[in-house]
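Going down the list, the protein sequences come from chains A and B.
Everything in the first sequence is counted per my numbering, starting at 1 for the first residue and increasing by one.
Everything in the second sequence is counted per my numbering, starting at 325 for the first residue and increasing by one.
I should point out that these hints are in silico values taken from the structure, not numbers from a laboratory.
Among the hints, erroneous ones may be present.
Stated by the list, open to error - Below, in silico cross-link-like pairs of lysine to any residue (SDA-like), each with a Cα-Cα straight-line distance of 25 Å or less:
1) K289(A) - P549(B)
2) K267(A) - Y409(B)
3) K375(B) - Y409(B)
What the hints assert, rightly or not - DEER-style ranges, computed between Cβ atoms:
4) L553(B) - G38(A): 31 to 41 Å
5) F399(B) - Q257(A): 51 to 61 Å
6) R417(B) - Q257(A): 33 to 43 Å
Using N, Cα and C, we set each Cβ at its ideal position, and we do this for glycine too.
Listed below are the residues making up each chain.
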Amino acid sequence: MSGPSASSSSLEAKPLRPAASAAKAREPLNVLIVGVGGQGVIMVSKALAWLAQSKGYEVKQSEVHGMAKRGGTVFSHVRFGPQVWSPTIPKGEADILVALEWAEGLRWLPYLKPGSGIFICDTKRIVPPFACLNRQPGARLRYSRETPAEVKAHVAEGYAIDATQMAAELGNERAANVVLIGALSTALDFPAEDWEKALSSFVPKKTIQVNLDAFRLGRSWIADARRGATAAEQAPLAPMPERSDAPYSVRLEITPQWCKSCDICVKLCPERCLRLNAERVAELAQPEKCTGCRLCELLCPDFAIRVHLDRPVVDATAAQGARL
Amino acid sequence: MSSTFVDSAADFDVRDYLRMDMMPHFLCPGCGHGIALRALLWAMHELGIAKDQLAVVSGIGCAGRLSAYIDANTFHVTHGRPLAYATGLALARPDLHVVVITGDGDCLAIGGNHLIHACRRNLKLTCLMLNNEIYGMTGGQVSPTTSETMLTSTTPLGNSEPSFDACALAAAAGAGFVGREVTRHVPRLKELIKAGLAHPGFAFVEVLSDCTEIFGRKNDLGSSPEMMLRQKSDIRPSAYRDSVDTPFRANELPTGILAQTNRPEYGAAYRRAAAAQRASAAAQAGSANAKEDS
Ligand SMILES: Cc1ncc(C[n+]2csc(CCOP(=O)(O)OP(=O)(O)O)c2C)c(N)n1
Ligand code: SF4
Ligand code: SF4
Chain A
1 MSGPSASSSS LEAKPLRPAA SAAKAREPLN VLIVGVGGQG VIMVSKALAW
51 LAQSKGYEVK QSEVHGMAKR GGTVFSHVRF GPQVWSPTIP KGEADILVAL
101 EWAEGLRWLP YLKPGSGIFI CDTKRIVPPF ACLNRQPGAR LRYSRETPAE
151 VKAHVAEGYA IDATQMAAEL GNERAANVVL IGALSTALDF PAEDWEKALS
201 SFVPKKTIQV NLDAFRLGRS WIADARRGAT AAEQAPLAPM PERSDAPYSV
251 RLEITPQWCK SCDICVKLCP ERCLRLNAER VAELAQPEKC TGCRLCELLC
301 PDFAIRVHLD RPVVDATAAQ GARL
Chain B
325 MSSTFVDSAA DFDVRDYLRM DMMPHFLCPG CGHGIALRAL LWAMHELGIA
375 KDQLAVVSGI GCAGRLSAYI DANTFHVTHG RPLAYATGLA LARPDLHVVV
425 ITGDGDCLAI GGNHLIHACR RNLKLTCLML NNEIYGMTGG QVSPTTSETM
475 LTSTTPLGNS EPSFDACALA AAAGAGFVGR EVTRHVPRLK ELIKAGLAHP
525 GFAFVEVLSD CTEIFGRKND LGSSPEMMLR QKSDIRPSAY RDSVDTPFRA
575 NELPTGILAQ TNRPEYGAAY RRAAAAQRAS AAAQAGSANA KEDS
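Isolated chain B, as found in the complex (with noise of 0.2 Å):
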């Protein structure tokens, strides 16, 4: 009947794993970005991935800025661009962990090619998407994962585009591993990051975060706690769930792990097929210098 007590947080103290000189963080109160990037350092630390070990790339936006506290190798690059830096730096040190951050304006607006062909080519990365259904950094401009009717600063009347579902998107590019987790569930989501990082192909993960500042206070979201507790939450079963909060996106979106494959990786194959051409660039020199002799 006695089980024992697990603390599996017990070891894990966060402020080991940040830039202490660059903290508090830029962050507005309540912002769910925070949350998020604990999840992440609990996810390496339980891991065993050393500092050095692990590259960082993120883009521009709140989410892009989360690279500057981690006490890891980082790289802050162009808006929408973390991708293409990420893939360079797989392709040339494949012993690295390399994680890209990125927000939902980064990674599917101007970002939104390099997702694509991230996702097409399978290459070894995990991409950290946090999803707070606005450009924060900017002021509040509508984003492609703005859900419709919600207010934005380029949206008076409420969005009435139709938002991308970014894990079907990424999961139909041919990304190898797909999930998504809201950051109130801290537990869940640092087990789905931990998945994503152990994945030998290219892993997409969305992280459903709160822009309490900017999004929450557009469209009347209330206070943070009472905009965390709006997120999907499976302790309360869904009949009473749906009735009782009001129309959300996590609600209606699947959390998880979504999407596994075996895709081919792509690193690997560029290092056989690089390997190969270097062997047979050898033997036709070996050749030649054969001919010179005689």
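Extracted from the complex, chain A is given alone in its bound form (with noise of 0.2 Å):
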């Protein structure tokens, strides 16, 4: 494979080991896990408390995946050290965020320790539903546009790392999550024979060998990272998923004689954008809502309305700037 794919924004090459450093001011080590149903939040946060206690710490995980299903968002708490409470992490206190998607990292960075915390993120993005709401031609996703850079301002040491795409170039994309506890095995004092014996046991028979590959190869990105060897300073981004649509204009021609004040595509309009007037004949109130996806004119059964999609206003230039 093509060496690493992203690059890292690492302050400075000195190893941290906030493991060691917790353990000794009895507090616990706390990380958090985040990222999208179906990623496998909760199998980085399962490998790391299992290590966790079978070196005597005591640990607590918590988790919330049950509402999120497939395509929802996904987070793991885990604790350890000598002595755990509370199985949660409260906001700000969090040693190390690790995030399987990157709208999901910036989301939880509040959570992250300020001054010392690390931020371990694999660029891929998964766009939500609710991003795309507006459905305008040519609209701009409501997807987050900080760029690696950006964040890390925000944090003592941060990795941008397109986990995935690494993953991919291995055979299994889903082995991306491990490419992260590759990551993540760096920032803590467990010896990577035993992260490795864990991870084993963890995954499926047929998908060891991958998987191992994988850990090995985030353990040694970040390796590389922290020597400057693959700085490249704005790492670019997963790719975004394109709009499909390409930008038009829209126009109703409606004929008021033949309305007959149903009341249908008034209701049925998905952007509620028509009404009916004081006439009681139906008009695009909101035509700047309008997406011109013809519901209304196939939906009137009085043929009062033609949905006229005219050619593209938006030049392509600038349609391409509107996406990320």
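Now that you have both chains on their own, put them together as the hints suggest.
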């Protein structure tokens, strides 16, 4: 495979060992793992919890994933130390934040310890449906627009890894979470062999090899990043899914003499941009909201509406710029 | 990742296929029959059927009235008999696309006999039955498809007759193509009608249509949009649908293509028999002449 494809924004090369310092302070070490349903957040936290427990630490893990199903937000708190009371990490108390998805990583940033927290984030972007709520032609997705450099400014130590791409190049995109485990392992005191033992017992038999490769790749990527070997300051984010609709302009032609005020177009328009006027004839009240979906045209029993989608009004370069 | 935006209705303007001097049509506000008419004309447009290649035969009723608005060859015939007229027309003019527009009363009550025999013959034509569960035009009498317990002017205590499943009836009687759709899903209805028009035998398409003014009002089914929203909707999971919607016929009836067979088509068989008969008559006449000559 061709070396790591994203960069680090590591601040300094000194190895950080929060586990050791935390144990000394008798404070638990807090690792928050976040992502999207189906990515393997729980697997990461289970491997970590199992390993910490095998080392004699007291471990508490709590997760919320039941409601997320596939595609929803999933998070898992892992705390370990000589003694742990609460199972959840308070805001601003996480020593390490591991994010399997870019926007989820940003969403949970306030949980990271200011000044010392380590941020490890996949640049994978999974755009949720509500980011597309504005269905206007050419509209921008409501998805985070922060660049890795901007994020770096907020964290003591941060890594933006294209782990999904790295795992894909190893032959299994689903091993991205294990690439991140590899990255996480460099910030903790446990020997690599023990991590590998833990992983081998958590992944399906057939995928042990690819997962071990993914783990080692994540580890070596962080080592390279610390040495500054892969530093391209502006890490390109993983490619953004493109909006499929080309820009166009919409015009509604309403024949008022044919409208019988049945209200079907008004109530079934997904954007609710029509209304019945004082004469109880349909009219386009909010033209800026109309996406030209044609539902009113198709459902009007009286053929009173014709939707015209005219030639594009936004030129191609402007449309390009609208994408993240 | 990127796909192109497909606007399938861009070059279909329904007004190109309407008799504009007859518009606006006489249907009540929100009546589903208008949507069914659009779907038929859209299907015709997409199949590239020219106006003079289309012959629409319709019976009596609000549904039957639709032929008057179509800019093509149209026959508005007697109550219950459009299939009988259409049978003669399709036999005589196999080059035409013959479409019957009929209501549930027109097709299943007074015209029920014609329906089962049209299905049995499997002559190539398309029958579009607009089912609104009622005799709309005559003020709301019970029809063979009125659901049980529904109120009509002739069932003031609620209908206690079981209703026909028209598609099951047509399939059992031998129709080569049977399908059903609701008016809310216009593109799907259009696709179903297209498949029916392309079928080489008898195609029966049932459209579940809302009679807003009579049936809806009598049964307190709410406004036109509310009636439409109550139609079967595949975008909601069925468990959710069943919990929020009041029981309605469309929720229980399957939609889409429900039966399709390749039974021999009656028109072709009839023309073959006629050609054979002509050939043997000509042969007989020939040998008779030969006898006279000798
Ligand atoms: C021989 C004859 N009998 C009765 C009538 C009266 N009639 C006119 S329309 C109609 C019922 C139509 O109902 P349906 O076919 O369901 O169509 P809808 O109006 O509901 O669309 C009846 C009974 C008639 N015109 N001719
Ligand atoms: S659907 Fe048609 S008839 Fe009904 S209110 Fe809208 S424009 Fe008027
Ligand atoms: S009576 Fe019913 S079927 Fe007839 S036009 Fe009115 S709403 Fe439509």
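Status of the hints after comparison with the structure:
1. K289(A) - P549(B): holds (21 Å)
2. K267(A) - Y409(B): violated (41 Å)
3. K375(B) - Y409(B): Holds, because 19 Å separates the two Cα atoms, which is no more than 25 Å.
4. L553(B) - G38(A): 31 to 41 Å: holds (32 Å)
5. F399(B) - Q257(A): 51 to 61 Å: Because 28 Å falls outside the window, the suggested range is violated.
6. R417(B) - Q257(A): 33 to 43 Å: holds (37 Å)
In terms of the numbered hints stated before, the structure departs from hints 2, 5, listed from lowest to highest.
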